[in-house]
Amino acid sequence: MTRKQRRLVLISTSLGVIAIAAALILSALRDAIVFFNSPTDVAEKHISSGSRIRVGGLVKPGSVERGDNLRISFDVTDGKNDVPVRYQGIVPDLFREGQGVVAEGKLEKGGTLVADTVLAKHDERYMPREVVDALKKSGRWEETSGTAGGRTQ
Amino acid sequence: MIPELGHYALVLALALGLIQSVAPVIGARSHDAALMRLADSTALMQFVFVALSFGALAVCYVNSDFSVQTVFENSHSQMPVIYKFSSVWGNHEGSMLLWVFILSLFGALVAVFGNNLPASLKADALAVQSWIACAFYLFILLTSNPFLRLPQAPAEGQSLNPILQDPGLAVHPPLLYLGYVGFSMAFSFAAAALIEGRIDAAWARWVRPWTLMAWMCLTLGIAGGSYWAYYTLGWGGFWFWDPVENASLMPWLAGTALLHSAVVMEKRNALKIWTILLAILTFSLSLIGTFLVRSGVLTSVHSFANDPRRGVFILAILVLFIGGSLALFAWRSPVLKQGGLFAPISREGSLVFNNLFLTTACLTVLVGTLYPLALEALTGSKITVGGPFFNLTFGPLFLMLMFAMPFGPLLAWKRGDLPGVTQRLMSAFGIALVAIAVAFAVEGSASLLAPFGVGLAFFVMVGAVVDLAERTGLFRVPFATALRRAAGLPRSAWGAAVAHFGIATSLLGIIGAAAWGTELIVAVKPSQTVSLSGYALTFEGIVQRPGPNYRELLAKFTVRSGDQIIGVMEPSKRDFAARQMSTNEAALMARGVGQLYLSLGDSNSDSSIAIRLYHKPLVMLIWFGGVVMMLGGALSLSDRRLRVGAPKPAARAALQPAE
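Chains as they are written, first to last, in the numbering used here: chain L, 1 to 153; chain S, 1 to 659.
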């Protein structure tokens with residue numbers, strides 16, 4: 001093989017691998033990412049049912065209902081709008097009424113989120129940043145109610 | 001008094017660092033040996049002063065001096081001493097001090113053990129190292145002073161975050177930093193080579209041990225962090241694709257590529273400019289990782305609450321060093337003499353293949369980590385990029401890389417014989433096929449992909465054994481001869497085979513835990529029995545008991561396999577009054593290399609308690625694999641060719657006995 005051919009092979013393989021990586025990234029960015037929404041976004045944005053989203057806000061006081069087999073339902077609110085959430089499993093230790101929560105799952109036709117993941121704040125100072133932003137947008141944020149960002153490493 | 005001494009020591013280290021940033025470079029340009037040697041003493045003294053500073057902070061923590069703000073915020077007089085000590089780096093300020101402590105340690109190590117380096121290269125490298133150090137001393141002193149006093153000393157501290165009150169904190173961050181920051185050596189040497197405008201095969205030999213050392217620590221740090229998250233978060237997950245985890249994975253991937261390309265540079269005097277670029281990129285990724293973790297731009301379980309000043313300062317450091325080094329690279333790399341090109345099918349070619357895949361895999365992680373930040377900054381929409389994204393991008397690339405892995409070491413330098421190598425790997429193919437068949441038979445049809453993954457893991461493992469067998473002539477020559485050859489084999493050859501075996505071991509563990517794991521999430525009442533994967537657990541009841549700084553709710557479960565009682569599992573929940581927080585202590589029971597994993601959820605009014613029970617076959621292999629990889633690195637490091645401070649090859653050749 002001549003020097004020129006060797007260089008050609010090297011460059012074309014590199015470009016090939018990079019092209020594969022780019023294709024993988026682009027297709028994954030279309031299918032495998034999840035958008036975060038506040039309850040108001042859900043109400044206003046016409047998100048197609050069946051799509052996977054994250055909803056964050058506060059657990060609406062009085063909305064938590066526990067059923068058999070660790071079933072639980074609650075509303076996520078940002079003060080303006082609510083999104084009902086259903087979940088089966090163990091909610092985090094610091095899941096409380098009136099506290100910040102992020103639920104991830106599929107949005108059903110009636111607007112209920114069937115969650116497979118529920119995240120809550122995990123210490124007394126932490127509030128998911130997405131929740132803070134959602135509350136700030138709806139004007140319900142008070143500086144005293146928490147600090148954005150966690151403290152663990 | 002002690003905090004002030006610590007603060008003062010850090011200021012002195014900065015002063016020394018400023019001298020070291022300038023004097024050796026001038027010395028190297030004017031061939032002034034004394035000025036160049038100055039770097040040795042300043043590097044040593046920097047280490048001494050930063051160590052004093054770090055020691056002073058540690059004393060404040062251990063003595064619970066709550067007049068110091070960070071101690072007040074992160075410690076508590078009731079905590080066990082080990083957690084008081086590890087709280088030193090359980091917060092932003094202290095962990096930055098640990099960062100520069102390790103940076104200065106590496107500088108001192110070069111000063112002491114770098115005697116075989118050309119004087120000007122050593123002087124330049126130490127100067128570059130000092131530029132980094134000064135930037136971070138300034139960062140600490142101006143934005144994150146750990147010695148800040150409170151006007152009035154409170155009687156009691158706010159305690160360390162209970163999640164961090166774990167032996168994991170004592171080990172994980174220091175190891176991770178030894179890795180991250182250790183890559184600064186490769187960076188400094190690369191920048192020094194660019195400044196010098198000269199680079200040869202020996203450069204790779206000098207840089208490789210430092211990179212290898214950092215890589216070993218990072219490997220162990222990542223594996224340890226993964227195990228810590230696994231047992232402490234209570235979900236049984238071992239990798240979350242959290243941005244902070246990615247921040248440590250990216251330098252690991254680039255560093256692994258660097259280790260491999262440095263081999264080509266050393267052996268064949270090729271890929272020189274690429275190796276320099278990789279050295280720069282690896283440490284740049286460490287800096288990006290530091291930025292992601294320390295600036296608070298992330299929303300993750302790891303991020304810190306802090307003010308934006310810090311973020312902007314680190315961003316400035318980031319831009320200065322990455323931009324500066326890349327500009328230096330663009331300006332000076334044309335001066336460097338290009339190495340030769342080589343045939344695509346050869347050992348060199350296979351190492352290029354390795355580099356290609358490692359760097360593109362690293363790129364996918366970088367995109368997945370930064371894309372949400374960029375998107376939010378540009379459009380305001382918030383997205384989560386998690387496991388599914390990385391499984392679709394990083395996964396295929398890494399699996400392709402692993403498939404090629406056994407071929408590389410068997411190919412000859414210069415011109416390899418691919419059909420011949422394929423033939424020699426027939427045994428590995430055969431065993432892989434058997435493994436696939438067995439996996440299918442055992443699992444039924446739980447997952448189509450998993451048996452092929454198992455086949456791949458076995459292919460790589462047997463491939464590593466074949467590599468050693470080929471080198472020693474095992475099965476072809478008398479056993480004693482093979483054994484003698486095995487002992488005479490370069491340690492780095494052993495190291496490569498062992499490390500490759502290790503990554504395949506980890507793959508096997510990942511498949512076992514992810515594809516064949518079973519779980520049961522259920523509420524149980526006392527004396528109720530639940531079963532999972534052939535194990536029956538009976539809930540015996542709950543007891544309360546006090547700990548040193550928490551109250552513990554301990555649930556007891558008897559575990560049976562068949563009719564046989566095989567043990568007791570006691571998961572617990574700890575309530576920490578000082579922080580009004582609770583943590584979840586999962587109970588683990590080893591079953592071969594698999595584990596039973598049990599953690600507690602809420603207790604209900606009807607005296608039942610929610611539990612998460614997982615059976616994770618092969619899961620321990622994930623971390624064993626990491627340890628095996630680290631041992632491979634250690635074997636390679638002990639190769640006499642690479643030994644730190646080894647005499648120059650020319651001098652050594654004369655001493656070697658004739659064979």
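Careful, some of the hints might be misleading.
Quick partial rundown of chain S residues pointing at chain L, CB under 7 Å, derived from the structure [to be verified]:
1) L52
2) L366
3) V367
4) L520
5) A523
Derived DSS-like pairs (lysine-lysine); straight-line CA-CA distance at most 30 Å [said to hold, decoys possible]:
6) S:K525 with S:K556
7) L:K109 with L:K80
8) S:K414 with S:K556
9) S:K525 with L:K4
10) L:K45 with L:K4
11) L:K45 with L:K80
12) S:K337 with S:K267
13) S:K556 with L:K4
14) S:K337 with L:K4
Hints were generated in silico from the structure; no laboratory data involved. Beta carbons: idealized from backbone N, C-alpha and C, even for Gly.
- Message: Can you confirm whether the C-alpha distance between S:K337 and L:K4 stays at or below 30 Å?
- Response: Roughly 18 Å separates the two Cα atoms, so the pair holds.
- Does the alpha-carbon distance linking S:K556 and L:K4 stay inside the 30 Å limit? violated (71 Å)
- Hint check, S:V367 versus chain L [nearest Cβ-Cβ separation less than 7 Å]: holds (5 Å)
- Item | Hint consistency between S:K414 and S:K556 [alpha-carbon to alpha-carbon, up to 30 Å] | Distance ~63 Å between S:K414 and S:K556 Cα, so the pair is violated.
- Query: Given S:L52 as an interface hint, is the shortest Cβ-Cβ distance to chain L below 7 Å?
  - Reply: Violated - the Cβ of S:L52 stays beyond 7 Å from chain L, reaching only about 25 Å at its closest.
- Task: Would you check the hint for S:K337 and S:K267, treating anything up to 30 Å between C-alpha atoms as holding?
- Result: The hint holds at about 16 Å.
- Message: Check whether the Cα positions of S:K525 and S:K556 lie no farther apart than 30 Å.
- Response: Roughly 12 Å separates the two Cα atoms, so the pair holds.
- Message: Is the interface hint satisfied for S:A523? The criterion is a beta-carbon contact with chain L at less than 7 Å.
- Response: Holds. Min distance 6 Å.
- Query: Between L:K109 and L:K80, is the straight-line Cα distance small enough, at 30 Å or below?
  - Reply: Between L:K109 and L:K80 the Cα gap is close to 21 Å, so the pair holds against 30 Å.
- Query: Given the hinted pair L:K45 and L:K4, is their alpha-carbon gap at most 30 Å?
  - Reply: violated (56 Å)
- Do the alpha carbons of S:K525 and L:K4 lie within 30 Å of each other, as the hint requires? At roughly 75 Å apart (the allowed maximum being 30 Å), L:K4 and S:K525 break the hint.
- Cut-off 7 Å, beta-carbon criterion: hint that S:L520 touches chain L: violated (11 Å)
When each numbered hint is compared with the structure, violations occur for hints 1, 2, 4, 8, 9, 10, 13.
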